[in-house]
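Enquirer: Sequence:
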Amino acid sequence: MLVFKKNIYLDLLLPKNSSGNKEFRDEEDPSPFPYHFIYKALSNAQSLFQEIKEMKEQKISNQLDILFPHASRLGGTEILSDLSRRLFISLTHRQTWFTMNCYHLCFLYDCLLDIVEDYSYNNEAERRKLFPEMEGRALDFNRFLLEYFFNTTFLIAPERFNRMSPEERKQLLRSPDFGQDFPQLKRFSDPEDLTLAKVINCVQPEPEEIVLKPLEQNPYIL
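Quick note on numbering: the sequence shown equals residues 133 to 354 in the numbering used here.
The set of hints was computed from the structure by calculation and includes no laboratory data. Backbone N, C-alpha and C fix where the C-beta goes; we use that ideal spot for every residue, glycine too. Among the hints, a few may not be true.
Label-pair distances were calculated between CB atoms; the ranges are [as the list claims (entries may be wrong)]:
no.: 1; residue 1: 257; residue 2: 335; range: 41 to 51 Å
no.: 2; residue 1: 279; residue 2: 253; range: 35 to 45 Å
no.: 3; residue 1: 339; residue 2: 253; range: 32 to 42 Å
no.: 4; residue 1: 284; residue 2: 197; range: 45 to 55 Å
no.: 5; residue 1: 335; residue 2: 268; range: 34 to 44 Å
no.: 6; residue 1: 183; residue 2: 333; range: 22 to 32 Å
no.: 7; residue 1: 227; residue 2: 279; range: 37 to 47 Å
no.: 8; residue 1: 182; residue 2: 144; range: 20 to 30 Å
no.: 9; residue 1: 255; residue 2: 227; range: 22 to 32 Å
no.: 10; residue 1: 144; residue 2: 254; range: 36 to 46 Å
Produce the entire structure from the sequences given, and follow the hints as far as they go.
Expert: Written out as structure tokens, the structure reads:
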């Protein structure tokens, strides 16, 4: 299970009947159920890599740039497919919680963005097929990121980031406000993640940086 700013697995515990879902969900929420959204994005990426493996070598790089506009700068097919596989396995692993670094988050961002674009350009019937809970409404990706991602600092241009003073970087990386909800999660957004500068500057990950870190306990329980 993957650790986010909010627990994405709560949706799986909701009653299956529609009235039960309405009790737990804001009907005007402009985003899909978070687990459903992320599962769709990562399972779609798995399928894409199966297709990419069958392409001619000269077409692969261009396809990666289109499908993963940010993550493709961090490595080729082998690295990205490894990130994809590990994220999907960790998402669906129900016995252990895993934390992500900026390599994982950058790749996941591109996967989600691909689904958002697909949903946005589809007609209402196709939208309902992709995310029934949305009832064909517009999807607010920025709200989803704000609600579930600790931050999206990894998207900053390297020129801007590299000009920042250490103090400015600390401000940029300050922990989000959790209010009274899950204050223990603040430790996951501290500025000690050394992969941030590497992702921003398009440095390929080391093998150990592709591995997600398991936790010994549920991070949403004090």
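Enquirer: State, for the Cβ atoms of residue 182 and residue 144, whether the hinted interval 20 to 30 Å holds or is violated.
Expert: holds, 26 Å
Enquirer: Within 35 to 45 Å or not, the Cβ separation of residue 279 and residue 253?
Expert: Hint violated: Cβ distance 23 Å, outside 35 to 45 Å.
Enquirer: For the range 37 to 47 Å, tell me whether the beta carbons of residue 227 and residue 279 fit it or not.
Expert: With a Cβ separation near 26 Å, residue 227 and residue 279 fall outside 37 to 47 Å, so the hint is violated.
Enquirer: That 41 to 51 Å hint for residue 257 and residue 335 (C-beta), does it hold up?
Expert: holds, 43 Å
Enquirer: Does the beta carbon distance between residue 144 and residue 254 stay inside 36 to 46 Å, or does it fall outside?
Expert: At roughly 25 Å between Cβ atoms, residue 254 and residue 144 fall outside 36 to 46 Å, so the hint is violated.
Enquirer: Go ahead and decide if the range 34 to 44 Å is satisfied by the Cβ distance of residue 335 to residue 268.
Expert: Check passed, 41 Å falls within 34 to 44 Å.
Enquirer: Would you say the C-beta atoms of residue 183 and residue 333 sit inside 22 to 32 Å of each other?
Expert: holds, 30 Å
Enquirer: Against the range 22 to 32 Å, how does the distance between the Cβ atoms of residue 255 and residue 227 compare: consistent or not?
Expert: violated, 40 Å
Enquirer: Within 32 to 42 Å or not, the Cβ separation of residue 339 and residue 253?
Expert: For residue 253 against residue 339, whose Cβ atoms are near 37 Å apart, the range 32 to 42 Å holds.
Enquirer: Can you tell me whether the CB distance of residue 284 to residue 197 sits inside 45 to 55 Å?
Expert: For residue 197 against residue 284, whose Cβ atoms are near 20 Å apart, the range 45 to 55 Å is violated.
Going down the numbered hints, you'll see the structure goes against 2, 4, 7, 9 and 10, while the others check out.
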